[in-house]
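*Asks:* Residue-level listing of the chains:
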Amino acid sequence: MEKAQISSTQFVFLIIMFEFGSTIIVGMGFDAKQDAWLTILSGMLGGVILYLIYTHLHKKFPNAHITTYSSQLLGKYLGYIVAWAYIFYFFYLSARVLRDFSELIVITILKETPLLAVMLIFTLVIVYSCTLGIETIARTGEIFFPYVLGSGLIFLFFVFITGIPQADNLQPPLEKGWVNIFIKTFPQTLTFPFGELVVFTMLFPYLNREEKARKLGIQAILISTLFLIITNLTILASLGPDLAKRSVVPLLDTISLVNIQGIVQRMDPIVIIIMVIVGVMKIVVFFLAAFIGLHDVLPKLKNKKRYVTSSVLGVLLIMVALIMSQSYVEHIFVGLEIVPPYIHVPMQIIIPTILLILSFIRGRKKEV
Amino acid sequence: MNRVITKIIVLFLLLATLSGCWSKKELDNLAIVTGIGIDKAEEGYEVSVQIINPAEVAAKQLTTRTAVSSYTASGKSLFDAIRNLIEVTPRKVYLSHTRIVIFSEELAKEGISDTIDFLVRDHELRTDFYLAIAKGYSAKQMLNILTPLDKIPASKMYAMIDNSERYLAQTRTVKIQKFTADLLLEGQQPFLTGIYIQGSTDIGNSIENVERVDSPAKILADHIGAMKGDQLIGWLEHKESKGFNYLTGKVKNSTEIIPCKDDDKYTSFEIISTDKKIKGKVKDGKPTFTIDIKVRANVAQSDCELKISNPKTLDKLEKDLNKEISDTASLTLEAIQKDLQTDIVGFGELLHRTKNKDWQKIKGQWDELFPEADIKVNVQTKIKRTGTITDSFKEK
Amino acid sequence: MFKLSSLFKKQPVNKQNNIPSQNLNASLQDTIQDVKQTLGDSNDIVYRPFHASYDGSLSMALIFTDGLVDKNVIQDFILRTLMIDIRKANVELSSKENSYQTLKEHSLTAGEMSEFNTVDKLYEHILSGDTVILIDGYEKAFAVDTKGWKQRGVEEPSSQTSVRGPKDGFTETIRTNTALLRRKIKDPNLWIKTKAIGKRTKTDVSIAYINGIADPKIVKEVYRRLDKINTDAILDSGYIEEFIQDKTYTPFPTIYNTERPDIIAAGLLEGRVAILVDGTPFVLLVPALFIQFFQASEDYYQRADFATFIRLVRYLAFFLSLLTPSAYIALTTFHQEMIPTDLLVSLSSQREGVPFPAFVEALIMELTFEILREAGIRMPRAVGSAISIVGALVLGQAAVEAGLVSSAMVIVVSLTAISSFVSPSFNMAISVRMLRFGFMILAATFGLFGILIGLIIMILHLTSLRSFGVPYLSPMAPFIPKDQKDVMLRFPHWGLFSRPRLINQQNVDREDTEAPKPSRREAENQSVKD
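Residue numbers (UniProt numbering), protein chains in the order written: chain A, 1 to 368; chain B, 1 to 396; chain C, 1 to 530.
Looking at chain A on its own, in the form it has when it is part of the complex (with noise of 0.2 Å):
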């Protein structure tokens, strides 16, 4: 395991920009139409429940990931399969997000660039990320977070300036009652994007105060629901839930329309830009987090040159992505409608909950 030291901001500021991610694309629970606000909201609250399970496994396993302790607690041949499931998993989510993210581009602002060059060219700043090591990916993301905080900031500002959120378009609250909304939450929302946190566990070693990471994580987690809270809010209120649900990216028609005396206009292109930096650094924990995963399954790759692995891998990981769909459509379908029950659904609740309860047996085992 590399010595590297996350600082308690760095983690914060990492957990938000990761959920952030590629929700600021697709957004949120749109279908639940003017409620989607309510989805975030109770995706939150079973999303710090299971942030508390992840945090208590790695109190339990202080200075291990996921992919160590799931052998310890299941023995050594369904340890092994349920480690590499994670990494495959997190390469995986990896390969989504980079496919998320190429295909915004390349819908927006590149059009006849074919997905492949701008996958290579996400790739390379993966890759090389990667190389240079959690340290120094914390300290980027420490670095950009400020700027995207504050343009985040300044857009939604400038979408009240103009005017064009009206409170009209979040009535009627409630309109298919409560049941809907755990409807549209589970799996959904739950899963994406606070069940992904799950990823975490790969990376809490490397906190500088492993205490903290239940506090600071959730923390995290308020905060970022806030702001998706306050994204989704003036999305909803702006576009109108019709518009909101058939956009493809919402948050980009929304900025799209701001227009303050001619002078303040047109600025898609940057908020793209800045969706991509939020949308790097999830890759990059994801990716990161696999890459971890093989290190620990794997120690002998430990020979080997970093950036060598990590090249082999990116190249895998554009193949991954490219062949993962045929079209944006089948993409982004296979994204909230087959990915959230099948695959986030074990990965994220099931498995962590059956190592905690295993964990808790072998515990008392112990004691006695």
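Bear in mind the hints are in silico, worked out from the structure with no lab data behind them.
Please read these numbers as outputs of a predicted model, since none were measured by experiment.
Any given hint might turn out to be false.
[Claimed, not checked] Partial selection, computed: residues in chain A whose CB lies under 8 Å from chain B: (1) Leu110; (2) Lys111; (3) Pro114; (4) Asp242.
Every residue, glycine too, gets a C-beta built ideally from N, C-alpha and C.
Mind docking chains B and C on chain A? Use the hints.
*Replies:* Same frame as chain A, but now just chains B and C:
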């Protein structure tokens, strides 16, 4: 071995960058479109675009060439038609700077949702252009009028629609996002701005139009086209349009005139702000609405014998204004409820938002219920200031 | 086949011509012969045999290099003493042991003197301007410091000027430079240690730091890295810089250099270590952080609010000079929707008839400008004005009129150029100049997205850099709230009470002055008087 791999990867990446520039569009290869006009063709659509001649617009010397050119092509769908433009335009059509999209009245009456789909879906088009219907003309004719002062006619139209909403309230600006939102709502019907030409379209077409002090052909913005679904079903007249703006609380600045006792002299007011509040309920299956309009006005001109310095006079004037404005509003209500029978104010949507349970029961029959709805208008005017003098000069 | 890697492979070092470190020969004649032979009879070496003591029994010789020594010192304090004063005073120089001791302790009146007994030292002293006194029959010799060559006086530094603040600059002489530092910091803890580096040049390199403030780990690291240098020649501090920096392949400087003693003094007081090299006015300062290259010494002499404003302008200029051409390319070839219609029309009318794509146009203009700038630096001063004529008229106006480039591009290039001159340190300006071209290529391929990718890579690279163990981007990443007082902003001096944390961890408190407040008494008196 490792080194070889890295070298190959680096080379690969370098190649990718160098052979790039896929999405590149050089400025001098773009035909910048400022206005799009959509007419009905025998089969499908006929599209006219107004394209800037940059050298003429930016020219410091006077030239005899026009600042814009227009091109027309037709196709089975709007997209098809726009692609077919490439046959006639010398450069690639670039739509991001479109200021206005004009539909012909004929097309609007048949329905425009098919064209709206392209306008929303295409990413090159932004969302900041205005939609308008050419009242009584074809969209092509509208785009072929040259305008003085502003060298680009589409920009001129954009500014004109903007100003007439802001200072006269005789029309309403409609952007695509507003239009599509209205189209999708169950309790709201969309509406569009009307524009038309005054004068000869033949001269308007040539540079002669901008060579005279008084241009023979002018473009004007007035009237609001009421739609039902995506079809134009009729026009609100000048006064009705203003009433519509009162009902929707969008009068930012406008004028009202009130006659003196009996002669043909008037007191004029500048409306400085309005505010509306609609309350709706369903009673025995019959929807009723109360609209409170709050108006603030300044005295702009008075030709009557009025002692304006006396608060009582102001009270009386306020009452007259109340009546005048509520008459205007009633006129509009009459038009949309009885003649056009389309809910462009959004009364149904109001019920949906505030009285959702009742709405769910009646939303199926809203089209029949709306014309029968009982709508009351209360206007409350407050005269704030009287300009730099108080009593009029007639008052001695 | 020629192998690329052979460029970096070291050939076995040729060890000929190295002076063996043997002991001195006792015979005066033999030693002089040896010296003559080794130095190839160079005629700037002066041999002056003479006899001392009143009976003339002790034969001695002076060897020194003409031009490097102050001849007055030799005449007054060596020759006069040994040949005349000694007789007058009747100093006993009879016995062999005795005479050496007496000479050393009672006779020679020179101030700085040392004795040595090896051959390599002999040459080192001769060649560095000392006068060597050889005495027949002894295997030891004296070296008297008689350095006194023609040197440049202390002048205003030419590379970093300031409106307000000290105007003295370092010179080529290391002694003068250390003296300049001593004059600013009269603290016994200012320690200066010197060692010679370079097998042939034997350049004096001094390490200066304030003991108790500088981090001992960093000081140790500096020594370790300097000790590792094994080279022929050190002709400028630039040599040292390349030998000791943390990472060679980076466009960013990780070692600060300056001609200004006030900057070095301030750096020492913050806990940094200065490396002075004889023969160059440029002094190195480590560890160097990214933000340091945006801080001018004048920031601390001007009012705090103004200094803050200027600093923000500098950061702005940094990004302008880095990104203006690439942003222009990205906007005009990829994101025309971002340009307001009127501006777009005017830009595209300018581009009508320009034969090159925007990227090539920008590349040509930027390269031309770089050539112009290099020409301006290298060409003889006398023809300097020709550059401005060629630059302004021929390449600017005429190129636009001929329709080769658009006038907007000329504006872009000028803006870039002007912004790059703002940087208070030349190093950072150079890295920006290089990176700019990379960003232009990225912008021409991927538009703003490419620029962003470039920026992310740049920041990743910057955060991975360290200067003597200190993260290069600190105190921004890792974020140190206390140190923000002197990054983008410049707090008033009473607010800068702590030293940068990562550079100095043991002695953090700088000062404890309260913010000045007008004394109420005085204010009242004032109002009474008025």
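*Asks:* Can the hint on Pro114 of chain A be confirmed by a CB-to-CB distance to chain B that is less than 8 Å?
*Replies:* The hint holds - Pro114 of chain A has a Cβ within 8 Å of chain B, the shortest such distance being about 7 Å.
*Asks:* Does Leu110 of chain A pass the interface check with chain B, least Cβ-Cβ distance below 8 Å?
*Replies:* With a closest approach of 4 Å, the Leu110 of chain A hint holds.
*Asks:* Can you verify the interface hint for Asp242 of chain A: is its Cβ closer than 8 Å to any Cβ in chain B?
*Replies:* holds (4 Å)
*Asks:* Please verify that hint: Lys111 of chain A, Cβ, nearest Cβ of chain B, below 8 Å or not.
*Replies:* holds (6 Å)
In summary, this structure violates none of the numbered hints.
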